[in-house]
Structures are given as structure tokens and as C-alpha cells.
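> One-letter residues, chain by chain:
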Amino acid sequence: MEFNIRITGAAGQGMQTAADLLGRSLLRSGLHVYVHQDIESRIRGGINFSQLRCSDRPVHAPVERVDLLVSLSPESLRAHAPAVNAGGMIFATSAVEPADCPRCAPFVLSELARKAGNDKTVSTVAAAVAACALDLPAEILDTLVDERFGSSEKLLDVNRRAVQLTREAMLEAGLTGRLSLPGGSVSGTGASTDRLFVSGAASVALGALAGGCTFMAAYPMSPATGIMTTLSELTHDCGVWVEQAEDEIAAINMVAGASYAGARSMTASSGGGFALMTEGVSLLGMIECPAVIVIAQRPGPATGLPTRTAQGDLRLALNAGHGRFARVILAPRTVSEAYALTARAFDLAERYQIPVFVLTDQILQDCQTIIDRPDVPPVTRHVLTPEQAAALPFYERYAQTGDGISPMALPGQSRHVVCVDSDEHDPAGHLIEDAAGSAAMAAKRLRRIATVDAAAPLPECTSHDPALPLVVSWGTTAPVVVEALDALNAGSPRFNHLQVTQLWPLPDLRAIPAFAACSRLILVEHSVGDGLDGVLAQTQLRGVDAFIGKLDGRPFTVEELTARIGKEDHHG
Amino acid sequence: MAELTLNDYKSKVENAWCPGCGNFGILNTLQKSLLALGLPPERVLLVSGIGQAPKIVHYVHANAFDGLHGREVSSAQAAKIVADDLTVIVHSGDGGAYGEGGNHFLHAMRRNVDLTHVVHDNHIYGLTKGQASPTTEQGQKVAVHPDGVAALPMNPLALAISQSCSFVAQSLSSNAGHLQEILCEAIRHPGFSFVNVLQPCVSWDPVHTYAHYQKHCYLLDASHDPTDQLGALAVALAHDGRIPLGVLYRNERPALRPIMESGIGDLRTCTDRPARLAAVFNRFR
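Residue numbers (our numbering), protein chains in the order written: chain A, 1 to 572; chain B, 1 to 285.
Note that these hints are calculated values from the structure, not bench results.
Treat the hints with care, since some could be wrong.
[Stated by the list, open to error] Computed, partial: chain A to chain B, Cβ under 10 Å: (1) Arg195; (2) Leu209; (3) Gly239; (4) Glu246; (5) Ala261; (6) Gly280; (7) Arg381; (8) Leu384; (9) His416; (10) Glu433; (11) Gly437; (12) Pro505; (13) Leu509; (14) Lys567.
[As the list claims (entries may be wrong)] Calculated cross-link-like contacts (lysine to any residue; reagent style SDA-like; alpha-carbon spacing at most 25 Å): (15) B:Lys129 with A:Asp434; (16) B:Lys12 with A:Thr401; (17) B:Lys32 with A:Asp434; (18) B:Lys12 with A:Gly437.
C-beta atoms are modelled at their ideal positions from N, C-alpha and C, and glycine is treated no differently.
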């Protein structure tokens, strides 16, 4: 059981405030929600929307259907009214034509805000309309309004009045409970303490902290910025330093310096900003320096669509930096997986002394959903303790080892000095030119690649009959495919599904029967092609038979993928 | 612990500089300065990029981070923010500091992390065989500029003073006594200390020779007030053919890390994360 609420208006009108109030209301009511943002690259004006998929079960994917439209501007009403289902409802800030439209509320949102005493309370009115329609317990929204506006008596007063006036209007119009979800009227505040309402960006930030991150340097770039914003707000609570670098080149070189000095370090950008970091990535490879790099993807080339989504940067992450060295590329599918994989990225980075990439995208960064309160296991460091370092008779940062990984000491923690060099170097970290020494160090880097390759996990596969067509997906596309396949496989199974969360290195996928025996390989990737299809062709010697991509920067929806994948099972 | 000697700062790495290079003066003086300040090698972090000058970090026994061309200041600032108990000294050439790394230099002055940035300024690109650097004289005929360099040279001292860089000094590689005095003062100064060290390039630059510096350099005396920013700027912009040596400008701006201190703690540890995160999670409800 689910209902979809779209809150739309111009940038700056408070749609995100409304979505936040409503999302937290659903959390505290014991329900589930997935909020995705459709935003233009501007500060004021235009037409933006937040769509809330409210459900009695966890949801991780956008849909197109709209059961309830809350419109805060005439332009947004014109643009989005046609999307509303037959039987859906429209709430607007101006009268809707025709005046007797059965789907339109008989009151105007902006008038309620004005009556409450402040036009800006229209975002609270929007949240209250939806909360009433869903019949969420009144005291939950009341408490949230108190928490949000409690610092100013005047603001609290007008917002409380806005909620009250909206409730009265809804009741009078007979619309309260119009979209009631099972369980929605149960006061679930007790049960909600073990769940959080977070954005993808915040989840990456929290996962970084769980992974032991104490240093981030980055230059703001949509849609990555939310990560540094969240971390900066937690500087003093969690002991993490966030440095806003003058450019992305500075950011990645700061990460290298901080990591060398002993902090678990990260940066985040989108494709264009990351492109500036590529020499720094090569430095990380040469000096065997741990680092986590988040690429929050958006469509390119160049500036592309700054506030839209894409999965087009896999090959950029894979090939960034000259020379050959080990790296890992992870791609979370959901908000909760963004937490877990980012934390894991920090462990892998330090364990193997490599750059680890986390590929997110705009839809994940900006979406908000309800997750279970995550575990925070103690962080295990993979560096020498001061005592371990002091006990060594001598220390070489690049000592030759069988697996290519040398014990990492931190500078200033013992009597030994720690030297690293972007030039080819000897085991002690000093520049060299000689052939034998250079070959030995290159061979060590190759052994490290083999070590990281050998640890590559097999991806998750849902298989019915291994000969069925196999749909491959990764990142935020995967949960959309899951729902599409739920619908397509409802009668007799038609498709298997392989979901890749570690994109590099990949293990031999022929170990998976559904991959080895599939009649048809279908890749769904939010790109214009030459992403995972190219990687599969290169590394698994298996090209894809059908590619379902995306050109417009808008997220895949369940409806769209159900239709597009459905056409793909009966080709020769 | 045994008393430190100059030998403790000597490295076994074979030196690759040209005979007579100005870098030797800086190397010897750096080692003497570290000894004079009583800084043991393991408490010192030398950071550099690419070029002839940056190789200095291999010729001193200390912690060393030899990173990318022009990016040394970025790595050094972060390393110092994390390992606040290390003495961090950056060595760049004029190409790395003012060309490739110009933007980082500007922002390092704003940020004011407590480190010392020594620029080996020989007015030429040595390792790439004699092209113009950002401080090559206008009209000087060098590789790639057979008709003479058209662009004006950068004035790093005036730039730094105008940006309220917290310590701005100039010295000469061949004046060991003066250079040691300046280096020690720069290292002791809390905040971003910038030292432009003039040095001849014996292989590629016939203009800025030892004799040239002997003739044109003068020592700033007690009449110069390094806390007077406009006065310092006037010295840096004099255009009278004379080259000032000494501390041109200094101020007492607090360094970055102390400003941010509350609750940050040692960035090399993260063992208290479970407890700290548990409190933070409640904001997301």
C-alpha cells in the first residue's frame, strides 16, 4: 500500500522544508518514505519538486504516479497537474480551472498561510495538508513544528497556527484521511527511535564517520556538496576536519597529505571536479596512500546538467590517473547501503593502501529515506601503532612483501622517519633511477593489484532458471530494476537479476550460473553507454546483448523500467 | 637521548644537483637550522614537489613527502592540520610555488596553517633545461623565449605582503649566516611563514649570478619596521634595482588549527566514534 505526494513550486519556496517535515512525520508514525528531488540549477524561481513515496514497507525507488499534488506556484500547477492520477487530489496556491474540478481542494494554500500571519508558512501548510490526507497522528507534526521553529516564539506561533488552520480546512472539506495508510494512524513514536530519516549525502557522511574519517577536503560541486555540508556540521561533535579547498587539485593533494600524516581522509566531487583530481589519484597510487573519493555523478560532458542524475563516470573512476595501480570502486544502491559501503571504503583504503572510489549520483545524494539506525562497530586501523613502529630496528615505507602491501607507519610517532615520493623510489621512499630498483617497485605495485583482485566479492544474484535473460544493474538503478522485475516476474519468472555493488575489481562472473548460462545479457545503466558494458566486454569477455540507458538526466522510474525491460526477453 | 649533531640530519641519498648550485647553500643551512632549533629528525616533516629544489627533502634525514609539482603546499597544510606536533617545512622552486601552484600559494596565505614555505627562487626552470619561470626578468632571452620574455616577472614579496601573509622574508642562498637566522625565525613563527630564497642557477641563468646578488642585495636594518604593512610593501615595490634581504613583514594572526580547536582532538585517532555517532544519529529523526 502506498501513496505518492508531489510538492512542487519555485526554488526558494520551501518544498524541501515541507518534504522534511512530512518525511520526519512518516518516520515517527512508523511508516516508510522515499523522497526524491527534481531541482533546477538556480537559487530562486523555476519549477522544482519533491516527490514523497509514502508506504507501509521500505521503498528505494522513484515512481511517476502522483496521488496528491501540492503546488505552490501557478507555473508548477500547470506543469504537474496532468501527472495526477484519476482519483488523485490537487492542492494549490491559486484557484484551479475549472473551478468545480472534483480533484481540487476547495481551499487555497496561500490563503491559509496568510491567515496564519506569514506567507512563508505555506511550506508548513503543504506538509500539514499531506499529513492530514495521510491521517498521521496530529501530535507528531505538532512536535516537529515545535522542534523546528521553537527557537523563535513568533515563528513558532505562526507555524502552529498554519497547522491548525490547515487541519480545520481539511476536516471541513472532508479530505482528512483521504490517503490513509495501514498503520498510519498508530502513534509509532516509541518504535521510531531505532530509525533515521536521512538523505543519501548525509548517509555517505555518516558512513564516512563510522569508517573512521577524520579529514575531508573538497570543493563544492553539485550533487556532491551535501556530504561536506553534513560533515562540517559534525566537526566538533565527531572530531572531523572539513577543509574547503581552493580547487579540486588542492583537495586531492590535501587528502594525500592528511592521509600520510595519519588521518583517514576523503574528498567528494562530481565528474568535472573529479577530472581535475586525476594526477592526484596517480599520486595516491604511487605513494601507496589510502584515500576515499566519492564521485557524485551527474550528466556530462563538461558542465552537463548540474542538478540531474547519471551513472556515466564508471570508466572515468576506473581509468583516472596515469600508470597502473590498485583501486577499488564501490557503488551503493540505497541510502542505507551508502552508509555501509562508505564505511567499508575507509577500511579497504587503509587495508590495501589504495584509493577507493564510492560512486553515487544525484538521485542518491539528494533523496531522503528512512533507514534502520546503523551499527557503529569499532574502527580497526591498519597502520603500525607507535609501539610497533618503535620496536622495529629500521623502517622502510615501501619494504618488499609478498602481497605487495608494506607496513604503514605514521610520521612523528616513533624514532623512524617516514618518506614517500611521487618519483619511482627505493624501499626507503627516496627517488631512484636504476632499472632493477624501478622494476622491483613496479612489481610490488602489481602484486598489490593481485591481492586486491583476489578479494573481489561475487555480486548478489537473484536467479530463477539460469538460462533466463539476466538483467545486470548497479547503484541506484538496481532498486528500480528490483521493483520492475517484481512486476515482470509476477506470473512465471522471466528475468534473473545481478546487482553489482563492487564494480572494480570484478571477480570471474562465470562462477555465477545465471551469468554463465544466460540466454541474453541486459544491462540497465543510467548512462549513454560504454560504462559497465565496456568493462564486462573487456574483463569478462562477454558483451551485453541489450543496453537500457538514459539520455535525459531524469531518474529511471519503476514504470519506465517495467516497460523497457519487459520488451527485452524475446529477442534471438 | 644522545645530543643531536649535524650528522643526524645527513641523508645517504646521492646528491644530483649541479656542482656550484645555489641549492647546496640552502641544504647546509637547513640542516644547521634544524640543529640550532633542537628539532629531532623524526619531529620534522619536509614537503616538496617536483624540480631540482624539491629534491632537498631527500638530502636531509627527516620525514619526507615528495608529492606533485606545485601541489606541495596543499599536501603540507593538510599534514600539519592532522599532525599538529610536527614541524612542517615546504620546499618549492619558483616554478612550483608561483607557476603551477600559484593558486595554492594564495590560499595558503589566507588559511595561515603553521608551517614554513621556503621557495628556492632562481628565476629559471632548471630541471627542464632553462625555460622562463614566473620570476624571470622581462626581456631576458631564455629557452622557448628566443626574443626575450614578454611577460612581467611576478613580485612574490609584494604579493605576499598585500595578502597579509603572516611572515614574509627574503634571503640569499650564499649568505649562510643570514639565511639561518631567517629560517629559524620563520620556523618559530606561528602561522604561514614565507621565505623567498634567492639563488643563482649556474647552468642556465647568466644574469642572476653570485656576483649579481653581491652587487644588488642589501640587508634590511633596524630602521625597517616589519609590522608596518604599507612600509613593507614600499620596500617590496621599490623598483630601484636593489634587492632587500631580511624580514619584510610579519603579523600576529592566529594560526588556523587553534581557531578550530574545540572538540576536534587528535585527527589520527577515531576510536571514540561509536559513542560520538550515537549522539549524532538523534538529529536525523
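> Work down the list of hints and note, for each, if the structure agrees.
Consistency of the hints with the structure:
1. Arg195: 8 Å, holds
2. Leu209: 6 Å, holds
3. Gly239: Result: holds, 5 Å to nearest chain B Cβ.
4. Glu246: 4 Å, holds
5. Ala261: Nearest chain B Cβ about 4 Å off; hint holds.
6. Gly280: 7 Å, holds
7. Arg381: 8 Å, holds
8. Leu384: Status violated, d = 12 Å.
9. His416: 7 Å, holds
10. Glu433: Nearest chain B Cβ about 9 Å off; hint holds.
11. Gly437: This interface hint is violated because 13 Å lies over the 10 Å limit.
12. Pro505: Not OK, violated: Pro505 (chain A) not within 10 Å of chain B, min 26 Å.
13. Leu509: 35 Å, violated
14. Lys567: 40 Å, violated
15. B:Lys129 with A:Asp434: 22 Å, holds
16. B:Lys12 with A:Thr401: 23 Å, holds
17. B:Lys32 with A:Asp434: Distance ~31 Å between Lys32 (chain B) and Asp434 (chain A) Cα, so the pair is violated.
18. B:Lys12 with A:Gly437: Roughly 16 Å between the alpha carbons, so the hint for Lys12 (chain B) and Gly437 (chain A) holds.
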